[in-house]
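Using full-length UniProt numbering, the first residue of the sequence shown is number 1, and each one after it goes up by one.
Please keep in mind that the hints were generated in silico from the structure rather than gathered at the bench.
Beta carbons are placed, not taken as given, at the ideal position from N, Cα and C, and that holds for glycine.
Wrong hints could be hidden among the right ones.
Said to hold, decoys possible - Now the in silico label distances, taken between C-beta atoms and shown as ranges:
| hint | residue 1 | residue 2 | range |
| --- | --- | --- | --- |
| 1 | Lys-488 | Gly-252 | 27 to 35 Å |
| 2 | Gln-18 | Thr-500 | 51 to 59 Å |
| 3 | Lys-278 | Gly-32 | 47 to 55 Å |
What the hints assert, rightly or not - The calculated PhoX-like cross-link candidates involving lysine-lysine, where the alpha carbons are at most 20 Å apart (straight line), are:
| hint | residue 1 | residue 2 |
| --- | --- | --- |
| 4 | Lys-29 | Lys-169 |
| 5 | Lys-113 | Lys-127 |
| 6 | Lys-169 | Lys-120 |
| 7 | Lys-572 | Lys-514 |
| 8 | Lys-324 | Lys-381 |
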Amino acid sequence: MATFIPSFNQLEEHLDNQEEIRVARFLNKHLGNDCLVWCNIPTGNKSRYADFLVLMPNTGLLCLEVKGWSSKAIQKIDKCHFQLKFKDTDVGIKNPMEQARECAHNVVNDLAKDPVLQQKTGDYVGKLVFPYAYGVVYANITRNEIQAQMGENYTVFDAVSPLRHTMYKNDLTSSTSQGVRNRLAAMFEQRFPCKLDKEQIDRIRWHLFPEIRISTPVQQDLFAPTETQPEKIQDIKLMDLKQEQIARQLGGGHRIIHGVAGSGKTLILGLRSKVLSKRTQKPVLVLCYNISLATKLRHIIAERGVSERVEVHHFHEWCGELVKKHGLVVTEEERQFKYDFNIQAALRGVETGEIPTGQYGAILIDEGHDFKAEWLSFTVKMLDKLDNHLLLLYDDAQSIYHNRAVEKGIKFSLSSVGIEALGRTIKLHNNYRNTKQIIGLAHIFAQQNLLAKDSDDDNIPVLEPNATGMDGENPCLKTCGSWEEELKILERCLKKWADTMPLNQIAVICPWTKQCDDVCDKLGDMGLDYWALQNKNTRKTYDPKQNKISVLTIKSSKGLEFPRVVMMGMDKLAEHSDEDNPTRLIYVAMTRAQTHLVITLSGCNSVTEHIQASFEQYKKSQAA
């Protein structure tokens with residue numbers, strides 16, 4: 001069976017009619033496991049729709065248009081238009097074959113610009129490495145019925161809808177899968193040997209569906225002038241098929257995704273926000289806890305082209321906006337909450353009716369493990385009950401706020417805060433962000449916090465990550481005699497990296513603001529541009545695409561990722577271990593690194609001993 005996007009089990013929600021559902025079942029029954037079928041999903045930046053876009057790696061790319069008319073509905077035809085009649089109403093539409101042909105050509109014209117998808121040798125240098133075709137399926141008309149309806153003019157129908165490109169109702173009853181594959185292959189006018197590999201298929205997906213692209217600092221427009229295009233397949237990143245399926249197939253109502261660090265939760269949120277922005281008349285709201293993550297999410301939403309329909313805020317900012325918008329005055333009692341006074345005022349405003357509920361058609365919450373119970377309850381009340389689209393993304397292993405990081409799992413049920421999660425939960429165990437080496441070290445270090453803890457759908461489990469990323473270099477631990485020596489190690493790293501890669505691929509992560517300030521001083525002395533993200537105002541203006549090194553605290557790093565990370569000053573975490581769980585904080589910092597991780601250590605305490613012991617255990621596991 002082929003892989004369907006959205007998944008085959010969810011198609012009834014996404015297809016337009018029973019005829020399309022019947023064609024989907026037909027394709028699912030007869031296509032091979034290596035085939036991909038996209039159903040009713042717009043392609044390219046111009047959002048062109050195809051009923052079915054079928055990628056058969058050993059055959060090529062096929063665009064299918066499905067029509068559910070009866071033969072009696074067809075009154076007149078020519079190459080460009082069909083004249084139809086439905087219950088005494090005349091309707092003129094474009095010839096479906098022309099629709100399919102134009103869709104296929106537009107898609108292929110985009111793909112043909114990519115050098116990686118062009119033939120390198122032979123008589124067809126520069127042409128696509130795979131064939132393409134298009135066709136129409138008349139799901140309610142047999143070949144005999146169209147001949148009877150058209151009479152002597154049935155040859156005209158064959159002229160505007162050639163037989164090789166047309167399938168009829170009786171074709172959908174074929175009993176052999178090989179016969180069906182042969183019939184689909186016959187639609188290809190130009191056929192030649194074709195065997196697309198995974199990298200080429202990903203390249204095709206990258207072009208067809210811009211919304212699944214993972215933006216990286218060095219990723220450029222593949223349609224830019226040739227001299228600036230990335231020539232290597234590895235230069236692009238995109239959601240894998242499972243992530244894309246999840247984002248596209250999520251139904252309405254409340255949905256929960258429990259995902260380990262690096263499992264693609266934020267990517268799913270980005271695509272889901274675009275999908276929901278088209279399903280609701282009211283605004284879509286994206287929430288998180290961190291200022292820096294909110295800034296990143298705004299860039300993701302902007303890349304999806306839906307900024308006008310989707311608001312992005314960190315929770316404190318959002319509450320402040322609501323208080324200001326509805327003219328609430330913060331009371332003296334509320335001002336006793338040093339950082340949360342706007343939150344307290346907003347909570348009061350909803351209770352008194354000064355802030356109207358139901359303002360948003362959809363709400364998506366990233367890093368939901370950072371939210372208190374009363375925050376979630378308040379947020380759910382702001383959701384319109386008719387649209388009622390809620391997506392909560394969660395990983396309790398990364399829970400580091402509100403003095404509950406020492407606990408394994410939150411102590412309230414989702415239903416107690418108004419979230420209806422029963423039977424609507426997806427768990428993502430696979431880590432895609434980090435190399436196997438980095439997630440391996442992080443897992444050894446934090447294994448007591450990552451012991452899987454099952455739960456029903458109304459509570460939050462702790463998930464153990466599976467390493468599915470690529471192989472890479474081993475993490476590096478540098479033991480130093482002092483903080484000043486750690487800064488010298490940093491200088492050596494950055495001198496080496498700055499000559500070989502963009503600065504915005506590098507992050508320096510420290511426990512507290514003081515260490516970050518020292519790092520910024522060092523970078524200034526070296527003449528390197530940087531973002532001082534330990535400062536609140538800088539976090540608000542952060543632009544990850546600007547070519548600057550990111551300097552930030554562990555807490556500000558949550559939800560972000562960088563190819564190369566230097567962790568420094570971890571011994572200082574022991575000074576606040578009564579307030580924060582150092583193990584979870586360090587786990588968060590480690591899992592920000594995608595490919596390279598360097599840790600410098602000075603001082604001697606329980607935190608540094610834990611890191612050193614974990615490194616020794618990691619080295620033994622690598623040698624085994």
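Status of the hints after comparison with the structure:
no.: 1; hint: Lys-488 - Gly-252: 27 to 35 Å; result: 56 Å, violated
no.: 2; hint: Gln-18 - Thr-500: 51 to 59 Å; result: 57 Å, holds
no.: 3; hint: Lys-278 - Gly-32: 47 to 55 Å; result: 32 Å, violated
no.: 4; hint: Lys-29 - Lys-169; result: 16 Å, holds
no.: 5; hint: Lys-113 - Lys-127; result: 9 Å, holds
no.: 6; hint: Lys-169 - Lys-120; result: 41 Å, violated
no.: 7; hint: Lys-572 - Lys-514; result: 10 Å, holds
no.: 8; hint: Lys-324 - Lys-381; result: 19 Å, holds
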